[in-house]
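Whenever a hint applies, use it, and build me the whole structure from the sequences.
Protein chains in written order, with my numbering: chain A, 1 to 472; chain B, 1 to 472; chain C, 1 to 472; chain D, 1 to 472.
Note: identical chains are not told apart, hence a pair may lie in one copy or across any two.
Simulated pairs of lysine-lysine, DSSO-like, Cα-Cα distance not exceeding 27 angstroms:
hint	residue 1	residue 2
1	255	314
2	143	223
3	372	468
4	16	108
5	223	314
6	256	195
Hints in this document: simulated from the structure, not taken from any laboratory.
4 protein chains.
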Amino acid sequence: MTPQSAAPNAPRLTEKELLEKEKKYCSWGDTVHYLEPPKFFERCEGSNLYDREGVEFLDLQMWYSAASFGYKNERLGNALKAQVDKLPQLACQYLHSEKVELAEKIGKSMERLFGEEGRVHFNVGGAQAVEDSLKLVRQHTKKNLQFAFMGGYHGRTLGASAITSSYRYRRRFGHFGDRAHFVPFPYCYRCPYDKKPDDCGMHCVKQFEKLFETEYNGVLDVKTNESEYGAFYVESIQGTGGYVIPPKDYFKELKKVLDRHKILLVDDEIQMGFHRAGKLWGLANFGVTPDILVFGKALTNGLNPLSGIWAKEKLINPTVFPAGSTHSTFSSNTLGTALGLEVMKICEETDFETMVFEKGKKFLDRLKSLQKKYPKVIGDTDGLGLALRMEIVGADGYTPDRELCDRIFAEGMKGDLDLGGGKKGGMVLDVGGYYKNVFTIAPNFFITEKEMDLAVDLFDQLIRRTTKDRAR
Amino acid sequence: MTPQSAAPNAPRLTEKELLEKEKKYCSWGDTVHYLEPPKFFERCEGSNLYDREGVEFLDLQMWYSAASFGYKNERLGNALKAQVDKLPQLACQYLHSEKVELAEKIGKSMERLFGEEGRVHFNVGGAQAVEDSLKLVRQHTKKNLQFAFMGGYHGRTLGASAITSSYRYRRRFGHFGDRAHFVPFPYCYRCPYDKKPDDCGMHCVKQFEKLFETEYNGVLDVKTNESEYGAFYVESIQGTGGYVIPPKDYFKELKKVLDRHKILLVDDEIQMGFHRAGKLWGLANFGVTPDILVFGKALTNGLNPLSGIWAKEKLINPTVFPAGSTHSTFSSNTLGTALGLEVMKICEETDFETMVFEKGKKFLDRLKSLQKKYPKVIGDTDGLGLALRMEIVGADGYTPDRELCDRIFAEGMKGDLDLGGGKKGGMVLDVGGYYKNVFTIAPNFFITEKEMDLAVDLFDQLIRRTTKDRAR
Amino acid sequence: MTPQSAAPNAPRLTEKELLEKEKKYCSWGDTVHYLEPPKFFERCEGSNLYDREGVEFLDLQMWYSAASFGYKNERLGNALKAQVDKLPQLACQYLHSEKVELAEKIGKSMERLFGEEGRVHFNVGGAQAVEDSLKLVRQHTKKNLQFAFMGGYHGRTLGASAITSSYRYRRRFGHFGDRAHFVPFPYCYRCPYDKKPDDCGMHCVKQFEKLFETEYNGVLDVKTNESEYGAFYVESIQGTGGYVIPPKDYFKELKKVLDRHKILLVDDEIQMGFHRAGKLWGLANFGVTPDILVFGKALTNGLNPLSGIWAKEKLINPTVFPAGSTHSTFSSNTLGTALGLEVMKICEETDFETMVFEKGKKFLDRLKSLQKKYPKVIGDTDGLGLALRMEIVGADGYTPDRELCDRIFAEGMKGDLDLGGGKKGGMVLDVGGYYKNVFTIAPNFFITEKEMDLAVDLFDQLIRRTTKDRAR
Amino acid sequence: MTPQSAAPNAPRLTEKELLEKEKKYCSWGDTVHYLEPPKFFERCEGSNLYDREGVEFLDLQMWYSAASFGYKNERLGNALKAQVDKLPQLACQYLHSEKVELAEKIGKSMERLFGEEGRVHFNVGGAQAVEDSLKLVRQHTKKNLQFAFMGGYHGRTLGASAITSSYRYRRRFGHFGDRAHFVPFPYCYRCPYDKKPDDCGMHCVKQFEKLFETEYNGVLDVKTNESEYGAFYVESIQGTGGYVIPPKDYFKELKKVLDRHKILLVDDEIQMGFHRAGKLWGLANFGVTPDILVFGKALTNGLNPLSGIWAKEKLINPTVFPAGSTHSTFSSNTLGTALGLEVMKICEETDFETMVFEKGKKFLDRLKSLQKKYPKVIGDTDGLGLALRMEIVGADGYTPDRELCDRIFAEGMKGDLDLGGGKKGGMVLDVGGYYKNVFTIAPNFFITEKEMDLAVDLFDQLIRRTTKDRAR
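What follows is the structure in structure tokens.
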């Protein structure tokens, strides 16, 4: 009934042909382009991508943390294939066991880590999960307005763009009536208040606290202790913002202010979730419990766009958030939940927390050595788990050097670095940060020490190639 | 490196156990619940779903048209598996051939059907593609406000909810500053203006046209011919609205008004696209060309949430909509594009247009016979291609009977109908329509005549079971 | 202490000098300009304006009904002067007797006419009173969105512009997130549904009612009977819209729909209040009670911009709307309340209802005779009380003829018409209506029969001057 | 024709009767109530108010600066009466000489003080003038969003409330889609950044400047230097915020940042305009030129709510802001413009700048002596011209003591203070400030030294009455 075989395969198109078609038929607006023309890849495995000529690239970004468990992870591939052969499709108004089991595993993780009961709600794509969280917040607080961080990123739907700091994401798209109030993030290396972490006394939290001091500061009706803002959206470690790690007690102090004025805390773990920062959820490193937690990306190791939120029972129980409150065709699609369930099983069977902290420490040590070697190129290195950062700076050791950062990135994409053993290859990096001068390094969790050594060696090659006079 | 085998499988959970977990850990708000408790399914194939006891259900909704090419379509399953083994993950800022080839095929389909050049832009989930279209509209027209149809459905993100008619989708979620102006759809069986299609002279378009007659009608600055509304969002055949089919010339007349005032036409083909209504795109049945077309669902036969938009070159070329205009981690994920490409190949190799129109005619003939048999139960049957509708009404043959519709649906889910040959089974239906009294019938494109006969026989059984005194 | 005398008066400026200064220092955007250059006036009295050369103009618009009680009404002038000498200034947080007495008189008028208790809340300028009413509506209904009429006018603040139909008033000023949904007004002479009043069965109300039929019509959550719209803003007789008078039972039928869905009725009496349409409040002609009533203009006969709202006790009592809910420096300024109080006293002492209905009938009779004489120029005449309308049309007797209307208006301003007795003079008219082809005639309540005769004679002169071939 | 005499006057109502009527018929929401019940006044003259028993109250707030030129100023009263007898009413689409002459005088004042050409646009009520300015800003910048100060006050229409800091003014009235971003004002006595003015290096401006440093700070698209905010709304000296006077160079530094990013400066002079702070416009003390200036209140010495804006020619010339751009019935009402013109003449004839600075210095010296006497009661005194402030604090000399401030105010209203010469009387004060602990002192410009002495003596009496243990 179904045609079982395709027409004989057309001859493989050349890259030039593909680029011509891309130039004619593809929107360029659906993602960023850091290279012109963009690079094609054809295969992937473990920590590596391979281009159409078979050249190997060591990858230090793992699809912005979506493929944390390694490219082409065999176990997860098999889980996907098994569901393809069992129940590949089902309208989400009907149930299938994997959905329920996955929800339970996530729910139990929250009970274990935060001691809170709640429920899990699925969707596809991180931004749609953020939109679901906005619905919960708007319903519960009766407020359209949210706090969020400068440097924060929560997606690019209209609703998510309103709480994502960059005005560039909104500028061309009309008025945003629900635009968030953006609060400086504790980016201590470049403190927004020009303080030093040692003696600032958490000045940034105090500045935030001041907003609530009188009605004339604009956000609180002091008479009723009612805030104009429903929730504070946070990434525990800023992703696109440059893997910025806040002081250990920051969120504890911030949460006190939020609690005082009944403002919800929404924790966006789309990039840091699933052990990127050591613990299952990044915020668990900071001693506070979110009211809502948003996850995606590595939930399926990138094999399905499944995303979701967990929310406290009081916010999401069926009395307040009944069936039909929202909907998405693919919300708990069977392939995605089967993958998510397998990822959660892997997480139960493997002590990723220990493993990621250990590997992270080793990687960071190597980066710090590199920084010592190139103080006029690398201004800051930091990391929590395998969320690592390296800030490229000017010869003064501090001023952001975006242009150099771009050149290092582009050089890595050429594929002619020395991989050792006579092999030529490249390195795939990701650039982020307020000044676009930060390498946000998110390696495969199964990266080997040898690969770490290689990574640092490749950085060394790249720095030498791109800077002449900055070696000390 | 990756653990290759999971722990020995835990014993299979009972349905009761699963339901308890679902009750504790799952949000009920992420989809609709028509049954209490919802039904579990475990396998699917062709036109059938199978529950945990192996009972067979004939499916007439195919995941709301997401699985139009049949459950567990082997060729598409193989395409997915092949990509799992080749390039299952890749950050979308890098290119892979399947993305480009799929964009080209969709672009060329637009050139062929509408004679228009444009580009394709991917995302995941229909609502996110709708959000992308809103960005294009808001940028091009400098307008936040849109027209859309009463009965229209475009998704449940905040932005999509603003242009989706049902106020229930907005009520609990605060103020929507970009709420659309909703225009009556030409639902001729229940004409919103109480006209008859034979002699109404397309009264509904004339009413819409009147909005532009003077500045005091509220939407046009007559002096500058500038409209307050940027685009009109349409489904050529309303999906959730009850598979309502407009008069043949409706869109042609509507488009004249839109063109006169430079209002864009955005065609949401998420449910009707990929031949559901015979032609590749539903709107191609009606002789007008959209400015933007949104697609999703059957693009991958439901195996990946890939979605996207096509837009005219002037709206989306890189000069006006450059790289970085928007972004989504999974936008053109490799598994989705490989599936989309295979679906487009199948569509090229098979004359679905002819096949779907023929099957649709046969199915509709059977439904019309049934209507003749039960005029006090079935008020209207209609269809275009394999988008079919059957309206359940009261004994007067016209008043919507939602309660009976619900009972027929629920009875079908019991799984104890006579499938013939001594086999017991059920039928999975979908309910839609303004009054929730319409079966929106979207069968597998490969449905056999025998299955059609069975479907009608099962309807007959269901009507007899649920109505006593209405057989004539 | 205060300098008691000014410098010796500067010589009187010529009109040319004034126009040059106006061209340099005056914004033209603060009102309409129908004449280029605009005309200067220097004195007024009774029904007449006088220009700088002393030429007399019969006025048929009385400052759009602000000066209904006659220009330079001596009694009111004396009341103003008396307050200037007693308490010309006082911060509104302190009380003065006139405020209280005026509020009482208005409150009692509502008890008498509508049988409802409520309170009066002052402000200055009609639009600010409308803004106050919006606050009450938004607080009580928790809804930002309102219904209002096509052709309706409620002022030009941003909030009032959002509920005023003309898009021209919004176009250049960004996005209006609270834009009303505009409903066709029962403008039966040009029925928006092309019906005839005799047998339409109040089709327009039925169309409005349909909005509430299913959730898919976009404005009602049928499950909770909660509407997306808080209130319906109406003018009982449209002012700027062209003095359009609805069918007698229209508002009764409309109110039933509103009551069913708990939608408030806000009655804007800024132009029709204080007996313009015979009864104290225009809506009192139509048998329904408003939830909020807005007034202004003739409250002080134009001698002070005092305005205000009356609202039902449940909406405005101090428990729900306490001190400090809003504020305006001049809200109940002493000069305005003294004038308002004197106007209310005059209204108590004079049977304006009878007087205005009688004079209105006489004036309308004269206009109808004129219409009979010029059927190719005058398409419709109508009136309620002294709110009269005359629609200028093309030779077909129906098509709006804005250009002719403008010419008649301009000709009247020339000041060279024959006033009788050898005197030359002019006539001041106001143009309104959806097509800007309606003379909205609002004479001084003390207009004499002789002045009415003169008015019609002047119209006759104007028509003869401006049309050659349309006399029949 | 007009009834010339009213019915014989009803007997004068008692205060008790009036209060009962007020309780039944008056909204309490249209202004603040600091006293319960509010106090009635019946006459005013010079610097004094008189209650219904004839008790004299020295007034130090002059209707929040609306009656700066003295209560019942005879020359202005005569100007009003003269216009009542000449042209008391005229539709604003027609011109009268006083409008033009007043616009010229204001326009020329701007040329003189700031060297800028522009135009004047009238309206009534300060908030409506603010709304007009918002229209200019929204049109010119294509931006709905504005910056404004914490502690700033610009009125209470919905649009003005969106840029006025206090959330209490918005809380009950739904979502405000155009809510401003509020920036800390340089309130150095209680520096929002805990800095000291001597060595802060204008830290507050630097913090504001940081917002524009990267796109991730949320307000600037660095690539296009386009800001998300159209204008910055300022009061040069905060009115309701507590007569807070910024450092001399503050606005110069702020303006540099605004100019760099093409953000307009809108100067709200409603309270400080017309010499309250010495110069004709408050901002003229600070060396920067506004793009738009808003005025009201003292323009007519409170005898008419006339208000208006002046804007630079490029923002308001008829090409960009033509006739009909906005409208208000009373916009340039003849009584208001006659009064405004007379006020401007008085300002030309009197050197108020010198006079107000001198009297202000004398008054402030007296307040500072009082502060020295009561350091545990008075925390700060400051002033510019006759805009003076006195901050009531706790025994620590710094903590705001709102409760004491309220008691002093209430005690002053009792009318039993010793006025000297055996006369008993009271003092009318106004309370403002972020913590509601500031007396904002705005005396009559013609206040005598004797009255100043009396004022300070009355303060002394009030402090002694309300504090027992805080005299040192």
